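Residue numbers (the working numbering), protein chains in the order written: chain U, 1 to 292; chain W, 293 to 770.
Honestly, the hints are just simulated from the structure, not real lab data. Hints should not be assumed to be uniformly reliable.
Here are the computed lysine to any residue pairs in the SDA-like style, where the Cα-Cα straight-line distance is at most 25 Å [what the hints assert, rightly or not]:
id, chain 1, residue 1, chain 2, residue 2
1, U, K19, W, R391
2, U, K197, U, Y217
3, W, K361, W, Q519
4, U, K27, W, A299
It should be emphasised that the depicted structure is a prediction, and the values quoted were computed from it without experimental measurement.
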Amino acid sequence: MSVTVDAVMLETRAGSLAKRSIKTTTKVAGIRLAIQCMDLTTLEGKDSEGRVRSLCAKALHPAPHLPDVPSVAAVCIYPNLVPVAKEALRGTSVKVASVATAFPSGLSSMEVRLADTLSAIAAGADEIDMVIDRGAFLAGRYREVHDEIVAVKAACGPVHLKVILETGELGSYDAVRRASDLALEAGADFIKTSTGKVGTNATFPVAVTMCEAIRDYARRTGRRAGLKVAGGVRTTKQAMTYLVIIKETLGESWLTPDLFRIGASSLLDDLLMQYEKELTGHYAGRDYFPMD
Amino acid sequence: MAIFEYAPAPETTQAAIREQYGLFIDGKWTAPRTGQYFDTVNPATEETLARIAYAGEEDVDRAVRAARKAYDKYWRKMRPADRAKYIYRIARAITERSRELAVLETMDGGKPIKESRDFDVPLAAAHFFYYAGWADKLEWAMRAGEEPKPIGVAGQIVPWNFPLLMAAWKLAPALACGNTIVLKPAETTPLTALALAQIAAEADLPPGVLNVVTGDGATGAALVGHQDVDKIAFTGSTEVGKAIQRSTAGTGKRLTLELGGKAAHIVFADAPMDQAIEGVVNGIYFNQGHVCCAGSRLLVEESAHEEIVVRLTDRIQTLRLGNPLDKNTDVGAINSKMQLDKIKELVGSGVDEGATLVQQSCVLPERGYFFPASFFTNVQQSHRIAREEIFGPVLSILTFRTPEEAVEKANNTPYGLSAGIWTDKGSKNMYIAQYLRAGVVWCNTFNQFDPSSPFGGYRESGFGREGGVHGLREYLAH
Numbered sequence: 001m002s003v004t005v006d007a008v009m010l011e012t013r014a015g016s017l018a019k020r021s022i023k024t025t026t027k028v029a030g031i032r033l034a035i036q037c038m039d040l041t042t043l044e045g046k047d048s049e050g051r052v053r054s055l056c057a058k059a060l061h062p063a064p065h066l067p068d069v070p071s072v073a074a075v076c077i078y079p080n081l082v083p084v085a086k087e088a089l090r091g092t093s094v095k096v097a098s099v100a101t102a103f104p105s106g107l108s109s110m111e112v113r114l115a116d117t118l119s120a121i122a123a124g125a126d127e128i129d130m131v132i133d134r135g136a137f138l139a140g141r142y143r144e145v146h147d148e149i150v151a152v153k154a155a156c157g158p159v160h161l162k163v164i165l166e167t168g169e170l171g172s173y174d175a176v177r178r179a180s181d182l183a184l185e186a187g188a189d190f191i192k193t194s195t196g197k198v199g200t201n202a203t204f205p206v207a208v209t210m211c212e213a214i215r216d217y218a219r220r221t222g223r224r225a226g227l228k229v230a231g232g233v234r235t236t237k238q239a240m241t242y243l244v245i246i247k248e249t250l251g252e253s254w255l256t257p258d259l260f261r262i263g264a265s266s267l268l269d270d271l272l273m274q275y276e277k278e279l280t281g282h283y284a285g286r287d288y289f290p291m292d
Numbered sequence: 293m294a295i296f297e298y299a300p301a302p303e304t305t306q307a308a309i310r311e312q313y314g315l316f317i318d319g320k321w322t323a324p325r326t327g328q329y330f331d332t333v334n335p336a337t338e339e340t341l342a343r344i345a346y347a348g349e350e351d352v353d354r355a356v357r358a359a360r361k362a363y364d365k366y367w368r369k370m371r372p373a374d375r376a377k378y379i380y381r382i383a384r385a386i387t388e389r390s391r392e393l394a395v396l397e398t399m400d401g402g403k404p405i406k407e408s409r410d411f412d413v414p415l416a417a418a419h420f421f422y423y424a425g426w427a428d429k430l431e432w433a434m435r436a437g438e439e440p441k442p443i444g445v446a447g448q449i450v451p452w453n454f455p456l457l458m459a460a461w462k463l464a465p466a467l468a469c470g471n472t473i474v475l476k477p478a479e480t481t482p483l484t485a486l487a488l489a490q491i492a493a494e495a496d497l498p499p500g501v502l503n504v505v506t507g508d509g510a511t512g513a514a515l516v517g518h519q520d521v522d523k524i525a526f527t528g529s530t531e532v533g534k535a536i537q538r539s540t541a542g543t544g545k546r547l548t549l550e551l552g553g554k555a556a557h558i559v560f561a562d563a564p565m566d567q568a569i570e571g572v573v574n575g576i577y578f579n580q581g582h583v584c585c586a587g588s589r590l591l592v593e594e595s596a597h598e599e600i601v602v603r604l605t606d607r608i609q610t611l612r613l614g615n616p617l618d619k620n621t622d623v624g625a626i627n628s629k630m631q632l633d634k635i636k637e638l639v640g641s642g643v644d645e646g647a648t649l650v651q652q653s654c655v656l657p658e659r660g661y662f663f664p665a666s667f668f669t670n671v672q673q674s675h676r677i678a679r680e681e682i683f684g685p686v687l688s689i690l691t692f693r694t695p696e697e698a699v700e701k702a703n704n705t706p707y708g709l710s711a712g713i714w715t716d717k718g719s720k721n722m723y724i725a726q727y728l729r730a731g732v733v734w735c736n737t738f739n740q741f742d743p744s745s746p747f748g749g750y751r752e753s754g755f756g757r758e759g760g761v762h763g764l765r766e767y768l769a770h
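For reference, chain W alone in the conformation it holds in the complex:
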């Protein structure tokens, strides 16, 4: 019998959710010209949370026009220090309403409340604070002789895995540099972006500086294809990223893409093993593995393979899967039915191809989309689960014998977003890091983020950087 079983500890803060949301255009909430609405669902309960306006081409056009007008009329002409004031105001409002935003993010997306509370929301606020400080110091982001100038209207398309945070990554530098924005949140997770629009309105951001259009891929395509958009920033799948690059080619639009990944997480036999296991767990089970920089390919030194598998098998049994609003939940709900089906399909392929599946033994909730923390051993480099992004709580474990082989296998992927290395030897850490073709390499840690640190990919993981001074340059004409 359990003697110290954790009682339910649900977060009790209530988030105000309207029954229906319009589009946020030119500082006002407006009905979509399409007349259509779609549901956004809580993936942990399968209950509908709200009806969301569906923006068609005409709506996107209205939003872009509003953004253009605001750009010419207010934003590009405003003193940079005054722009900063608005951005600081938004940052403070996020901090003040952090608990409510965390609950909203968790309800709409399924991620554990401890993650939205301790990671997504505080980091989103930190990005606004950081870039607010840059607004009147932009010449320091330029090369000698260059003058900082905004680009114009930015179309920003964000994914469903970190809805508020990804919006913050894109909005904060764009605003600081004097651009105006049309933001398109993901279809399954629009609520925090809409809450952010409300925050911007309450911060008296001039109308049209930030516009939010909700919808699906067609809405995004309309934004990408709009003639009066000067810059597209997209975070999402490699497939869509490629389509966007094709569609913007030759148009003169500036483009940054942050796409998929299949990060190598390398563990040497001399690693601080318990902490390496924590790093591996964080690398793949954080946000149910819905993380583009997830450490989804574990490369372990062959001599440590058995030990790592034993430790990881034990460790995943202690992960608590269930109600994302419970403060003790470690693994929440899969974001959507579609994503759950995709995970199941890929896991099935792993089993069919001969890999060995290990899962946490737990009872999945009857309702909602859930998948247990899982990993595969006996994975070969050629298996689909070693090559394709699963975007779920599923890790593939491969082995290597020498540092050279580790590097070779780590780089043997079309992606290159992130990588991790665990070894107690500092010189080996640095040596391996310089040969990994990945935008971020974490040494003896994983999933560390800071607004001052640039983030972005190599090859099919995209191009351009978000965060830091590098992220600023993506929103300045040069």
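So that you can see chain U by itself, here it is in the shape it has in the complex:
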């Protein structure tokens, strides 16, 4: 029997976690943590080699005038651009994550999806962000979705696999929970909320539900899987709430790039602005931070 979720109480709980007051030293620690756990992302049709090189530079040194700001965890890009990012980030701690399996819809044949994955890995991707076939999931073909994840995981080998559930298309928290359980059982290293390509992306209640699935799975099997929230995370306040959700649902030991990621692009600029504000007591304008 699948675990069920009550929407009213879940949203109440998520709302109360969003009200945690994060100030001063906690805010500084949280901003550094959010940067360390970030997958700095560009996933647009117009992405070019130049754009990716510029993103990699920023991933490595987010704010040159604040040298103690850490690098982000990874850059997240389309498979074609993996070689460019790999080259730009050679010898650094920053990983290269590639979306794959016919991102964002996943609506290609299994052969194409696997080939997509293998080519990204061959190009040097350290991490794969796959999408599940939501059509199959919503049609109740859970076994099929499970087996596809298993197949992609097998193709990945030691390469880190994040499974995107696209929770905005799943329709209910019950379905989010079921998809989370299924992906974890299938061997996902991470479960990830969203592609960022649909109307509803990561939300606090969805993150709580996925954390609960990860916690229960760890309790049952001993294996600790991670969570990646992605899409629509733009403000420091949102990022702090995700840290709170992780801390109070999974525990502080999950607050590491090995087990938690935030997929975002413009969030980094807001984090840097808030970071400098905490250090200096005043806000600097946007132009004091390199764009991207």
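Using the hints, position chain W against chain U.
Frame of chain U, contents of chain W only:
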């Protein structure tokens, strides 16, 4: 090492507290005829906040006379729509001063600021707004052929767990119906009622319509025993409620009592478990368990018992206990030394009777009255902790095997104020709910309140309803 430990986040709004408070009688602050004052203490620091006038019989008599005069002279004769204006004014003033009232409530009573800020104060304002709207529509609260008429002078005695909110529950409908009031706040938490008196004065409420007399049980007894009081509304312990009922018997005084409880909170194995745990936590640790409708008896389906205990054990470790003024505090201070002693005594009895105690591991602040979030497993129906109201952050967990047994155990108590049910099956929820002898049954939620929804008890939890149209009828002659 903690990598994301929350830094202190104290609420910085200052609440103006006078050194000394008189009695609020006939629209003025007056010294008590007793000449006596008592201290009100911040239970989180044990520091004295203010000296409070002690009202004796003579003072209560002055207050009742003022209320009678105001009833005859202004209030009963006023156009209902004009009465409403005053009530709306009070509602708006509470909203405008909400942060200050929240700080005051937290300092005087020990509850977390997030609760006084997000629950007590906004809900108090909502009650005034709601009943203000009723003032000129009272005929809709009556049965066909009945004409709405006020009762007269109402004596209202409120407890220390939700001081402002309970005052609002009682004042708003009484005022809307055209009654005048003598309000007696609890001895340990008089400050927000006194602030409310000030708000009423600033709202130009005619003198004597609301009077506030502070004191202890003897003050309350004087109010209950006063010959010219037409109605008594009391929220508090069952023991005192019984005494009040004895004393008003045969006097013709109207009476409503909202008393203690030992609510059954039923969790079936098919419940949405994480949310059920949140409901359980809210049910017992909200306001440190100083809640008459607290879900203090957890009845869990035996097959889910182990899972629930594991989850609850983990969950209470994440509760943050400490300075009630800190915005991240989940469990604040116990309201008084007396209450803390009572909790300790009952918890001791639970251990002695063979139940297993589980507590959050945390360092209690050195000063102030604190008790960690706790629960008991291996509780038997006959244990004192399964029968008596602890009124603290202490939950007793019992098991059942069938829905019938759940209902039987839930109803096996002299109380009947509230109950909760958690199951993912709607039909089971509704089926169980109709057999529970409790004034409120929450299904897949807990502690939900709204001014339009009536609240009150069965049996030793009292009688009469507060809130909604039902609450209105308690302040109308019929």
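Here is how each hint holds up against the structure:
no., hint, in the structure
1, U:K19 with W:R391, "16 Å, holds"
2, U:K197 with U:Y217, "28 Å, violated"
3, W:K361 with W:Q519, "15 Å, holds"
4, U:K27 with W:A299, "9 Å, holds"
Of the hints listed earlier, the one the structure fails to meet is number 2.
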